[in-house]
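Line order of the protein sequences matches chains A and B. If you read the first sequence in numbering that gives the first Met the number 0, its first letter stands for residue 0, the second for the next number, and so on. If you read the second sequence in numbering that gives the first Met the number 0, its first letter stands for residue 0, the second for the next number, and so on.
Everything labelled a hint here was simulated from the structure, so no lab data went into it. Note that beta-carbon positions come from the ideal geometry of N, C-alpha and C, so glycine has one too. Don't take each hint at face value.
[What the hints assert, rightly or not] Partner residues are not named here, just some residues of chain A that face chain B (Cβ under 7 Å, in silico): (1) 605; (2) 609; (3) 610; (4) 611; (5) 614; (6) 618.
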Amino acid sequence: MESTITLTSNTLLYFVALPLFSSALLLLLGRRADRWGHILATAVAGATFVLGLIELLAMVGRDEYSRAIHQKVFTWISVGSFQVDAALLLDQLSICFVLLITGVGTLIHIYSIAYMAEDPDRRRFFAYLNLFIAAMLLLVLGDSFLNLYVGWEGVGLASYLLIGFWNKKAEYATAAKKAFVANRVGDLGLSIAIMIAFAVFGTVTFKGIEEQAESASQAAMVAIGLMLLLAAAGKSAQFPLQSWLGDAMAGPTPVSALIHAATMVTAGVYLIVRSNFIFDNAPTAQFVVVLVGAITLIFGAIIGMAKDDIKKALAASTMSQIGYMVLAAGLGPIGYAFAIMHLLTHGFFKAGLFLGAGSVMHGMNDEVNMRRYGGLARYMPITTVTFGLGYLAIIGVPPFAGFYSKDKIIEAAFNLGGSKGIIFGSLTLLGAVITAFYMTRVFMMTFLGKKRWSDDAHPHESPFLMWGPMVLLAIGSIASGFLLYSGKRLEYWLKPVVDKHGHSHEEFLSHSTVTTLALSAVVIGVVIAIAKYRSEIPSTAPDKVSIFTKVARRDLLQDDFNEAVLMRPGQGLTKVLVATDEKVIDGGVRVVAGAALGSARGLRSIQSGYVRNYALLILLGVAVLIGAIWVITA
Amino acid sequence: MDISYYLYLSAILFTIGAVGVVIRRNAIVMFMCIELMLNAANLAFVTFARINGNLEGQMVAFFTMVVAACEVVVGLAIIVMIYRSRRSASVDDASLLRR
């Protein structure tokens, strides 16, 4: 293990401060900023991207072990042995995220200028977008779990505000609340993990924990790992906390693109990869990570097959793709780089797909039901091409981006070896088949076939501000995979962060075998989809479908499960507690009060108001007193 | 004559006064009964002073007279006011404090 040198810097703060300042400015100025708010927000997002590029160039210029830079902003907490600095760390891992967040984020900002042009609250929307970027950048730049936690909560807040942006509709506001609550469960995991980490290591910085990680007790490491996984599951919509993702489509489409590609759901993957020193020393937790990833990737893919809502189909696809990343991250040092690679390529093609979906909705009066689309390729050529490129990238057709990253994950899963390797490898292959199937379905139902829309829809191509970013993202979907993959560029780049010991692994299946398997999986999925959707598609969803389709349409009963197992008993518990409060606690108080009142009522009858009664009482009292004195003295 | 007869007389007077206060409703009569009780006490004080051969009892009797005089001033004023406002000197009518 070579020693790494961390340079100090004073420019990192701008990454967080700029968008945060712009967001605060737009929110505080209110309507006065309406005319130029979106321009400022977009310019700030662009500026952070340029800053990121400058840092990247500077980083490439330094040698492998002195690339990380660190900035202490101020001493945050100083209580006895508990010392926490508000400090930022930019290393090879963070820079990937910084560029993804700011790059894709900027494109989404530009797109939103046109997409939200009609909305009277566009300025507020952009303020929230900037807040989202700021929180996400703080999340990936924090040098300790506690700093990360601040960004983590900020992301939760920004997503809540954006998902519920059109909160005049009650169900949209409910969707935002659902996302927030599901995230809170994850946040609880993260805070518990931080507490355990502090109790065990006495510090919460990544560096401090990493130095002690190998000598720590196994139980503590597994506990921290599982709690971190819970946190990641909340943010990244992994099983069993995935139910919020589909409803989160209530927000404006650029928000979906931002949440699914550049921010939010990537945070969980970042957390796992960043905590590699914990998971590497806790194989049990690592196995659970793989398991969760595998379940989610199949889960999401199955839901994706059944959805007629284009955004919900894409959301299910995100769930599934993040499942791939989490699975890869759980594979240990051989997987981290592939998880990040898939995350980056996914950032491009998923953002492109969502922006494409937004462009379709923009031309179709905000219709989201794919059964009401059809034959749009003639009317929206640019959207069709960019969406198509994203589609080819996500199903993993060479030489598009998804091919390289997904292929490597499948290979790494097989290379786990033994029965585990075969099971998880087969699951990733199955996922690839289903992905190819449902994405082909989405593409065919939307752009190919006969038109199924009503006469009042007038599909048209979107303005330049919208298709410009889509084209750039499509280029990313083509090129990013090859650029990151060739010469194992990303693997070597990330090695000082995630694979310090230089692990080697034996190959279980050769690279060419895996590629053949993966490609045949894609072909199978595509062929089935073409065979099934080549014919006429009914414009309303058929009712007479198998039980499996019905279950898949209901998100595999996730909401029903949550309702039956968590919500109803929770409500029952609440009712019992309310009854206890009223009957036992309030009842006790009422009994005491009633006793006082009753005795007072009884005593009141003595107070007749007649002077003679009082006189008689005084007389009796004196007689008693004299009698008492007489008895005592006698 | 046995000096203790004075004490018996005092006790009888006090009892008549006390019973009068309790059973009569006319404020003036009650007032006179209270005076009777006070004077019964005075008689007892003076008698004890005589029995013990010192002046302390007589001194206290004077105190009692002063207090009784003050009480007459205040009490009669109240009774006159009540009579003026209600046209009645019955104490049972003046039971407003109860409410």
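Let me know if the C-beta of residue 614 of chain A comes in closer than 7 Å to any C-beta of chain B, holds or violated. Holds - the Cβ of residue 614 of chain A comes within 7 Å of chain B, reaching about 5 Å at its closest.
Hint check: 7 Å Cβ-Cβ cutoff, residue 618 of chain A to chain B: Cβ of residue 618 of chain A sits 6 Å from chain B, so the hint holds.
Please verify that hint: residue 610 of chain A, Cβ, nearest Cβ of chain B, below 7 Å or not. holds, 4 Å
Closest C-beta approach of residue 605 of chain A to chain B relative to 7 Å, hint status: Where the cut-off is 7 Å and the nearest Cβ of chain B is about 10 Å from residue 605 of chain A, the hint is violated.
Close enough to count: is the Cβ of residue 609 of chain A nearer than 7 Å to one in chain B? For residue 609 of chain A, the interface hint holds, since the closest Cβ of chain B sits about 6 Å away, which is under 7 Å.
Per-residue hint verdict: residue 611 of chain A, partner chain B, C-beta under 7 Å: Where the cut-off is 7 Å and the nearest Cβ of chain B is about 5 Å from residue 611 of chain A, the hint holds.
Violated hints amount to a single one, hint 1; each of the other numbered hints is respected by the structure.
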